[in-house]
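**Q** Sequence:
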Amino acid sequence: MNQWVEIDDRSAVAVVRRLARRHGAEIGLPETRLEELAIVASEAATNILRYATRGRALIEPMRGPDAGRIAMIFTDRGPGIPDIDRMFEDGESSTESAGLGLGAIVRLSDRFDIFSAPEHGTTIVCTFGGAEAGRTADVEAVGLRVCHPHETSCGDDYQIRQTPLATDVLLCDGLGHGPAAAEAAAEVTDAAVAAGGLSSEPGKLMRQITESLVGKRGAVAALVHIAQSQMELRYAGLGNISTLVIGAGGVRRMAVRDGRIGGAATRGYEEATQLEAGDMVILHSDGLKTLRENHFPQGILRKSPLLIAGFFLDRAFRGRDDASIVVMRINRERAQ
0 MNQWVEIDDR SAVAVVRRLA RRHGAEIGLP ETRLEELAIV ASEAATNILR
50 YATRGRALIE PMRGPDAGRI AMIFTDRGPG IPDIDRMFED GESSTESAGL
100 GLGAIVRLSD RFDIFSAPEH GTTIVCTFGG AEAGRTADVE AVGLRVCHPH
150 ETSCGDDYQI RQTPLATDVL LCDGLGHGPA AAEAAAEVTD AAVAAGGLSS
200 EPGKLMRQIT ESLVGKRGAV AALVHIAQSQ MELRYAGLGN ISTLVIGAGG
250 VRRMAVRDGR IGGAATRGYE EATQLEAGDM VILHSDGLKT LRENHFPQGI
300 LRKSPLLIAG FFLDRAFRGR DDASIVVMRI NRERAQ
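Just so it is clear: in the sequence shown, position 233 is 232 by numbering that gives the first Met the number 0, and no numbers are missing.
Hints are not guaranteed to be accurate.
[Stated by the list, open to error] Okay, derived cross-link-like pairs now, DSS-like style, lysine-lysine, Cα gap no bigger than 30 Å in a straight line: (1) 203 <-> 215; (2) 288 <-> 302; (3) 288 <-> 215.
I should point out that these hints are in silico values taken from the structure, not numbers from a laboratory.
Could you put the whole structure together from the sequences, leaning on the hints where they help?
**A** Printed below as a string of structure tokens:
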């Protein structure tokens, strides 16, 4: 179950704490880390109530390069934190919380990031567990997804595969929401595996997927391959998955071919583009409002891919469908 937990009263703090411990136990965290995970969850949720009155939390086992970790996202639309440096000092916290302050939350978490501004509220992300293996220095990639508010099965899905040579991403959205949509999305990911897995030829893979699923319920999807030595992005898109490349020249939206998996076999719309160090690539389903250049607050793109993903999964969430997002940052120059 991938659901936002609405934090609007004290009972939500206990819900978030229990959920954090449950997911931590599922990945095998020892008891001491489970308690530290629960402390961070309680502190962050309580601070939302104290400073912003209401907000949301998402606690999710991570996948792809960060498999074996728990990601926690806490977000609100309050007044922001006017003096973040002071709040990193121990003891600076809400009077109803453990009194740890952001500094202790940073120390207890394996990774931590924060974005806060008066007009945009505060978003905190932190992770627990797992080894550093799986993340390449060349491309950081992270995905998140969330269910329709009244469902427990997510009809959006994604795959991220990273090797020393390439980063490959599939993001798909099964038609509708709920169990049938989740089954449709699983058919897409299973078809990709059956075709040999994510590859350097997104158009060819899209054709193989669509050929194998003609007549099925259907889905929309986008495939991205980044060759890390040349820093070239190859792309294939079918249906309304948004794919954005964000660089020094602004936001570029990749084109898509109308249609769906389940209809006629097709390679989708194909395109290739060069990437530069510092570029961002974002894929998201239509469970999020279409991201445009004016939706990116100042400073957000300097944050971690996990924070960017969590921020937009909340701020752009339509609330009437499943939603998913994959964020990648390019960290190297292409080979000359």
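**Q** Now look at each hint and say whether the structure bears it out.
**A** Against the structure, the hints come out as follows:
This hinted pair checks out: residue 203 and residue 215 have alpha carbons roughly 20 Å apart, not beyond 30 Å. With a CA separation close to 21 Å, the supplied pair residue 288 and residue 302 stays within the 30 Å bound. With a CA separation close to 27 Å, the supplied pair residue 288 and residue 215 stays within the 30 Å bound.
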